[in-house]
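Using the sequences and the hints given, assemble the complete structure.
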Amino acid sequence: MRFGVVRFPGSNCEQDIVIACRYLGIDVDYVWHGDTDITGFDAIVLPGGFSYGDYIRTGAVARFSPVMGEVVRFAERGGPVLGVCNGFQILTEAHMLPGAMLRNRGLKFICETVPLRLERTVCQWVDLPEGTVVRIPINHNEGNFTADAETLARLDANGQVVLSYCEPDGTRAPGGSAPNGSANDIAGICNERGNVFGLMPHPERVVDPEASGTDGQPFLTTIVARLAGV
Amino acid sequence: MRDDLTAELAPQLAVELGLKPAEYDKIVVILGRTPTVTELYMYSLMWSEHCSYKHSKKALRMFPTTGPYVLQGPGENAGVISVGDGWAVAFKMESHNHPSAIEPYQGAATGVGGIIRDIFTMGARPIANLNSLRFGTLDKARQRYLFEGSVAGIGGYGNCIGVPTVGGEVYFDAAYEGNCLINAMAIGLMREENLTSAVASGAGNLVLLIGSTTGRDGIGGASTLASQEFDEKAEDKRPSVQVGDPFEEKLLIEACLELLEAKLLVGLGDLGAAGLTSSASEMASRGEVGLDIDVSMIPAREEGMKPFEFMVSESQERMLAVVTPELLASAQAICTKWGLRSTVIGTVTDTRRFVVREGDEIVADMPADTLASDAPVYDPAMTRPAYLDEAQAFDPSTLPHPETPAGLGSALLRVLASPNVCSRAWIYRQYDQQVLLNTLERPGGDAAVIRIAGTKRAIAVSTDCNGRYCYLDPYVGAQIAFAEAARNVACAGGRPAAITDCLNFGSPEKPEVFWAFHESVRGMSDACRAFEVPVISGNVSFYNESFGSPIYPTPTVGLVGVLQDASKRMTMHFKNAGDVVVLLGETADELGGSEYLSTVHGVIAGAPPALDLEEERAIHEALLAAIEAGLVRSAHDCSEGGVAVALAECAIAGALGATVALDDDLAPASSLFSETQGRIVVTCAEADAEALTDLFVSRGVAFSVIGEVGGDRLVIEEKIDTSIEELEAAWKPTLERLVRGELQSEELHEG
Chain A
1 MRFGVVRFPG
11 SNCEQDIVIA
21 CRYLGIDVDY
31 VWHGDTDITG
41 FDAIVLPGGF
51 SYGDYIRTGA
61 VARFSPVMGE
71 VVRFAERGGP
81 VLGVCNGFQI
91 LTEAHMLPGA
101 MLRNRGLKFI
111 CETVPLRLER
121 TVCQWVDLPE
131 GTVVRIPINH
141 NEGNFTADAE
151 TLARLDANGQ
161 VVLSYCEPDG
171 TRAPGGSAPN
181 GSANDIAGIC
191 NERGNVFGLM
201 PHPERVVDPE
211 ASGTDGQPFL
221 TTIVARLAGV
Chain B
231 MRDDLTAELA
241 PQLAVELGLK
251 PAEYDKIVVI
261 LGRTPTVTEL
271 YMYSLMWSEH
281 CSYKHSKKAL
291 RMFPTTGPYV
301 LQGPGENAGV
311 ISVGDGWAVA
321 FKMESHNHPS
331 AIEPYQGAAT
341 GVGGIIRDIF
351 TMGARPIANL
361 NSLRFGTLDK
371 ARQRYLFEGS
381 VAGIGGYGNC
391 IGVPTVGGEV
401 YFDAAYEGNC
411 LINAMAIGLM
421 REENLTSAVA
431 SGAGNLVLLI
441 GSTTGRDGIG
451 GASTLASQEF
461 DEKAEDKRPS
471 VQVGDPFEEK
481 LLIEACLELL
491 EAKLLVGLGD
501 LGAAGLTSSA
511 SEMASRGEVG
521 LDIDVSMIPA
531 REEGMKPFEF
541 MVSESQERML
551 AVVTPELLAS
561 AQAICTKWGL
571 RSTVIGTVTD
581 TRRFVVREGD
591 EIVADMPADT
601 LASDAPVYDP
611 AMTRPAYLDE
621 AQAFDPSTLP
631 HPETPAGLGS
641 ALLRVLASPN
651 VCSRAWIYRQ
661 YDQQVLLNTL
671 ERPGGDAAVI
681 RIAGTKRAIA
691 VSTDCNGRYC
701 YLDPYVGAQI
711 AFAEAARNVA
721 CAGGRPAAIT
731 DCLNFGSPEK
741 PEVFWAFHES
751 VRGMSDACRA
761 FEVPVISGNV
771 SFYNESFGSP
781 IYPTPTVGLV
791 GVLQDASKRM
801 TMHFKNAGDV
811 VVLLGETADE
821 LGGSEYLSTV
831 HGVIAGAPPA
841 LDLEEERAIH
851 EALLAAIEAG
861 LVRSAHDCSE
871 GGVAVALAEC
881 AIAGALGATV
891 ALDDDLAPAS
901 SLFSETQGRI
911 VVTCAEADAE
921 ALTDLFVSRG
931 VAFSVIGEVG
941 GDRLVIEEKI
951 DTSIEELEAA
961 WKPTLERLVR
971 GELQSEELHE
981 G
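Chains as they are written, first to last, in the numbering used here: chain A, 1 to 230; chain B, 231 to 981.
Hints listed in this document are in silico derivations from the structure and should not be mistaken for laboratory results. Being a predicted model, the structure only gives us computed values, none of them experimental. Any given hint might turn out to be false.
[Claimed, not checked] Simulated pairs of lysine-lysine, DSS-like, Cα-Cα distance not exceeding 30 Å:
#1 A:K108 with B:K962
#2 B:K288 with B:K250
#3 B:K370 with A:K108
#4 B:K686 with B:K798
#5 B:K256 with B:K288
#6 B:K256 with B:K536
Written out as structure tokens, the structure reads:
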């Protein structure tokens, strides 16, 4: 079981994913954005950061990186793909996940540890019970997820909403709990098959209890156990 | 040799470029002829205050700069200290005040970019940013624009390059209204053996320009912005402000660190103030070599650029490397891999002359040393300012102070809501505080704590300066800036290792300003000596004036301390009900220059608190011994707002109250709000109280056991009885409400 973490020019959380994986005993290596061969990797992670400076739109340039063609084919074959923050933005730009990102409501960058609620989901990357509340940092300027009403309804009906912003007790406030204004408080979604998962929060930042916490661990370890058939 | 200036025109251009007549004459003597346009531009920048330190050089010699851990003192792009096990930390603080006062987002962003380049030039990976900011009061739209823009610029740049912003400080005072201060500090980590110098050597080696193209942006930034006072024409200087590209910088960080790791470079320097002129001449001067640069080789951003424009452009995100011909291809391959331009623009020579050519035609030819080292050194006149006697003589006890719990409670809420005391979360929420996974303690506490990955160690960092104290007594104020930084770091469990400084003052050509500068440097030097802590890097920013009045003297300290065991780090919030509250130090009647006096009475006067450096150090040592012995549950220093604010902050942060009695015999307002130095609110488990107090007794430091943690109210017997909810409601929203224009600071003064 080996994770490949793609390094785009301007990625800046790729080494954090690698550190977190190694802490959890997951075999991991970098994948250069210019590479077109990702054989040997069992899961691909698109890390956070500002790929290509986030110029034009977040993720808009990175989706054209040579490696992305392979990542798309890998996902089509059922390979697990995780996009964290900028990685999530790239997944929407590459149409591997539906929807798009707007600037945060309030037009300010937000770095903050927030409560998140696990939803009933087909996502292969998680197996926490519905309603579980985890606390994970968000760190973005464009995390205000948006999609048309039909898509939002479909995401909900298909169990594609994985994580929602919520209040500390797990409820969602009537006026919305998303600090960034996200539609339906959406913090993370997966594709219909459940193998491609994008989320704005940074699970890799809450893996080491010495430094922060452990709430992010399942977001990296679950897929390992699932692929191993444990 | 191009001959583009007559003996009549040259002196006129020299004056326009900010050179004094005597300085022009010196240039003529050095060259033995009339200078060319390019030469005049190059000298005017290198001999500007910003690059040459011509007014401050002598005073700065007072600083202690050596110590057993110092690997690199002042003189390079950043100072470096060893932190053990072969690891070293590079750090420096620098101002970007004038650009930010004109274009806050780009000014602050490029301030961060510049200081980050200083760090990775040394071979260190940048691991943390901090800052120190000053603005006028936020009642005016212009001040809100500067504040919001600067914060967004710092975040926009730091977040993009993936370096966490972990701490800082901000004050608002009318003294900074025409001239905000944006001081950026960066810290990097490296293996000791990777320490690199910005040096050129080896005749025949190649000069490689890496990174962005060169344009007309930032032309003359160091001389026209950084080395002159502002006037009503400041807006016209907007074209002198550079524009940052953090994406390019991120690529530069990765490429340069890879080049250094692979040992492909002879030397590496960054292009900052005065652009290519500064980095090339300093690298040549350090290496005692000459350089031959052909500007026609430099990739230009726009057409028709003149040689002098190439030489002085402050286009951002550029680095200058020296590489041997044999390793050029390997070095350029790494640049290409990271999508960066790299161009050979010249060669190292053994002539010790700095030659600039445009193709075949020489446009400048001067002794390289004379640019970097031969700037005139001045002994500016000094006069003790006339305002000091009157300001210091003010006696705060002549004011009507509240005495009842109702009046004192209302005063506490007002001080907590003051822009200088209130929560800074609105600011640091806009900064990535965690990328790289080393941030153990985030902003909001006394000091940030960053772990040294792979070791048990960590560093604790704080930036500090109370400009009001420095205005009332620059000698004591500068000492307090140091002492508070050290106290903050001690509260996090760190032992001070070294400092960087950013000395922000008005025009050194005004005797009263220069006196304050000199006193501040003397004060900071004495404090450093008393703590045996060296100054390893720093920056002087003069000409911080607008419309004729200087800012408060603001000698900011950035202090780095070391924790041998990161798991023993300490935080400020109250932890458990039943814990014992101890006040280290002793409160004196010192309301002069206090936040209470300013907020509640609208008065900025009086003598600032006294500082006994020996006592201060003994208190820090006692606290550190107690923390290392595992006897402490929380520690928080008393600064603006005195012990009342310190207790309130511990309570708010821990969502846990306390009941205490202050046993001094001062008037109630002095007891609560006096800003006496060397005081720390410490808590411990009840079972450890005896061991803790025994330790303090054995160390001979003053302390008093003042009460107990618990409940949801802060009760200070006979003085304060307020719910944490109410304290937090006062403290939390101020900045956001001021920025939105929902609140005027006037309203904060009303009871």
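Are K288 (chain B) and K250 (chain B) close enough, with their CA atoms no more than 30 Å apart?
-> Given that 30 Å is the threshold and the Cα spacing comes to 20 Å, the pair holds.
Straight-line Cα separation of K370 (chain B) and K108 (chain A) no greater than 30 Å?
-> holds (21 Å)
Take a quick look at whether K108 (chain A) and K962 (chain B) sit within 30 Å of each other, Cα to Cα.
-> OK: K108 (chain A) and K962 (chain B) at ~18 Å, within 30 Å.
Does K798 (chain B) lie within 30 Å of K686 (chain B) when you go C-alpha to C-alpha?
-> Holds. K686 (chain B) to K798 (chain B) sits at ~10 Å (cutoff 30 Å).
Holds or violated: K256 (chain B) with K288 (chain B), Cα cutoff 30 Å?
-> Given that 30 Å is the threshold and the Cα spacing comes to 20 Å, the pair holds.
Satisfaction of hint between K536 (chain B) and K256 (chain B), Cα-Cα up to 30 Å | holds (25 Å)
Every hint, counting from the list given before, is met by this structure.
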